[in-house]
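Trainee: Chains as they are written, first to last, in our numbering: chain A, 1 to 144; chain B, 1001 to 1078.
If you're looking for bench data, these hints aren't it; they were derived computationally from the structure.
One or more of the hints may lead you astray.
Heads up, simulated DSBU-like pairs for lysine-lysine below, C-alpha to C-alpha not over 30 angstroms straight-line [what the hints assert, rightly or not]:
{"id": "1", "chain 1": "B", "residue 1": "1073", "chain 2": "A", "residue 2": "46"}
{"id": "2", "chain 1": "B", "residue 1": "1008", "chain 2": "A", "residue 2": "123"}
{"id": "3", "chain 1": "B", "residue 1": "1007", "chain 2": "A", "residue 2": "123"}
{"id": "4", "chain 1": "B", "residue 1": "1055", "chain 2": "A", "residue 2": "46"}
{"id": "5", "chain 1": "B", "residue 1": "1042", "chain 2": "B", "residue 2": "1073"}
{"id": "6", "chain 1": "B", "residue 1": "1007", "chain 2": "B", "residue 2": "1073"}
{"id": "7", "chain 1": "B", "residue 1": "1007", "chain 2": "A", "residue 2": "133"}
{"id": "8", "chain 1": "A", "residue 1": "117", "chain 2": "B", "residue 2": "1016"}
{"id": "9", "chain 1": "B", "residue 1": "1055", "chain 2": "B", "residue 2": "1016"}
{"id": "10", "chain 1": "B", "residue 1": "1040", "chain 2": "A", "residue 2": "123"}
{"id": "11", "chain 1": "A", "residue 1": "133", "chain 2": "A", "residue 2": "117"}
{"id": "12", "chain 1": "A", "residue 1": "133", "chain 2": "B", "residue 2": "1042"}
{"id": "13", "chain 1": "A", "residue 1": "133", "chain 2": "B", "residue 2": "1073"}
{"id": "14", "chain 1": "B", "residue 1": "1008", "chain 2": "B", "residue 2": "1055"}
{"id": "15", "chain 1": "B", "residue 1": "1040", "chain 2": "B", "residue 2": "1073"}
{"id": "16", "chain 1": "B", "residue 1": "1008", "chain 2": "A", "residue 2": "117"}
{"id": "17", "chain 1": "A", "residue 1": "133", "chain 2": "B", "residue 2": "1008"}
{"id": "18", "chain 1": "A", "residue 1": "46", "chain 2": "B", "residue 2": "1008"}
{"id": "19", "chain 1": "B", "residue 1": "1016", "chain 2": "B", "residue 2": "1042"}
{"id": "20", "chain 1": "B", "residue 1": "1040", "chain 2": "B", "residue 2": "1055"}
{"id": "21", "chain 1": "A", "residue 1": "46", "chain 2": "B", "residue 2": "1042"}
{"id": "22", "chain 1": "A", "residue 1": "123", "chain 2": "A", "residue 2": "133"}
Because the structure is a prediction, the values reported are computed rather than measured.
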Amino acid sequence: MVWVHGDQLIMAPFYLRRQFAEANIGFYFHSAFPASAIFHSLYRRKEMLQSLLHSDLIGFHLFEFARNFVNTCHRTLGLQTEFSVGGVLSVNYHNRNIVVHVSHIGIDEDFIESIMKSSAYRKHIAQFNAEFKELTARANRHQA
Amino acid sequence: MTEIEEKKATEVLRAKNCWPLFMTREEVEPFLRVYEGLIKPKMHNFFDPFDESAKDLDHFVHYTNLNRRFVEKVLEVR
Chain A
1 MVWVHGDQLI
11 MAPFYLRRQF
21 AEANIGFYFH
31 SAFPASAIFH
41 SLYRRKEMLQ
51 SLLHSDLIGF
61 HLFEFARNFV
71 NTCHRTLGLQ
81 TEFSVGGVLS
91 VNYHNRNIVV
101 HVSHIGIDED
111 FIESIMKSSA
121 YRKHIAQFNA
131 EFKELTARAN
141 RHQA
Chain B
1001 MTEIEEKKAT
1011 EVLRAKNCWP
1021 LFMTREEVEP
1031 FLRVYEGLIK
1041 PKMHNFFDPF
1051 DESAKDLDHF
1061 VHYTNLNRRF
1071 VEKVLEVR
């Protein structure tokens, strides 16, 4: 199973499928997916959409984003959507059913805070800072 | 990063079962022009400035090339 995260890697499922045909590929959008009219103004939209459809499962935070994706598939590539047993939403592309899944990702703040207060964490941070004192670590997350 | 720093970072990360991918400035800059200038403003950050000049085919090739490098890293792990 290969999970691809984020729209920096939209073309990855295409290359992955081409070189690793039997891979189970999941793609998760950590950001919004625009309405089809906006996506339609995107340069290289067909290549990007076709690459995404080499995945087996495409995940979104919210149903609105999944609905935008399904509409975009229909309006850009003329693809049909179906609900299979168990209420699974999928897009049919070249006789493959790509599952469209909605699962909101968040963090357990209490759990993270309890870890940050632990002595093991402080020891790890001190060790990390000593080892990489010349480097700056940056983390970023887009709001969905 | 120097070659020695890359090697050291690789050792540290491999111990945590992570496989780093090191990119050059020449790879990252045109990639970011496409991502920050074309994809992101259309996909979600609607108020970000749109960079019409990044439509140049060469820049999209850099975007896809970097995607391909990530895939090569996945295949290496496999």
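Trainee: Now tell me, hint by hint, if it's right for this structure.
Mentor: These are the hints, each one checked on the structure:
1. B:1073 - A:46: Since the Cα atoms of residue 1073 of chain B and residue 46 of chain A sit roughly 25 angstroms apart, the hinted pair holds (cutoff 30 angstroms).
2. B:1008 - A:123: 20 angstroms, holds
3. B:1007 - A:123: 24 angstroms, holds
4. B:1055 - A:46: With a Cα-Cα distance of about 15 angstroms, the restraint between residue 1055 of chain B and residue 46 of chain A holds, given a limit of 30 angstroms.
5. B:1042 - B:1073: Distance ~28 angstroms between residue 1042 of chain B and residue 1073 of chain B Cα, so the pair holds.
6. B:1007 - B:1073: 16 angstroms, holds
7. B:1007 - A:133: 17 angstroms, holds
8. A:117 - B:1016: Holds - the C-alpha atoms of residue 1016 of chain B and residue 117 of chain A are around 22 angstroms apart, at most 30 angstroms.
9. B:1055 - B:1016: 39 angstroms, violated
10. B:1040 - A:123: The given pair, whose Cα atoms are some 38 angstroms apart, is violated under the 30 angstroms limit.
11. A:133 - A:117: Holds, at roughly 22 angstroms.
12. A:133 - B:1042: 38 angstroms, violated
13. A:133 - B:1073: Given pair residue 133 of chain A, residue 1073 of chain B holds - Cα atoms ~27 angstroms apart, limit 30 angstroms.
14. B:1008 - B:1055: 38 angstroms, violated
15. B:1040 - B:1073: 24 angstroms, holds
16. B:1008 - A:117: Since the Cα atoms of residue 1008 of chain B and residue 117 of chain A sit roughly 29 angstroms apart, the hinted pair holds (cutoff 30 angstroms).
17. A:133 - B:1008: 14 angstroms, holds
18. A:46 - B:1008: Outside the cut-off at roughly 41 angstroms; violated.
19. B:1016 - B:1042: 36 angstroms, violated
20. B:1040 - B:1055: Holds - the C-alpha atoms of residue 1055 of chain B and residue 1040 of chain B are around 13 angstroms apart, at most 30 angstroms.
21. A:46 - B:1042: 14 angstroms, holds
22. A:123 - A:133: 15 angstroms, holds
Hint violations for this structure: numbers 9, 10, 12, 14, 18 and 19, all remaining hints satisfied.
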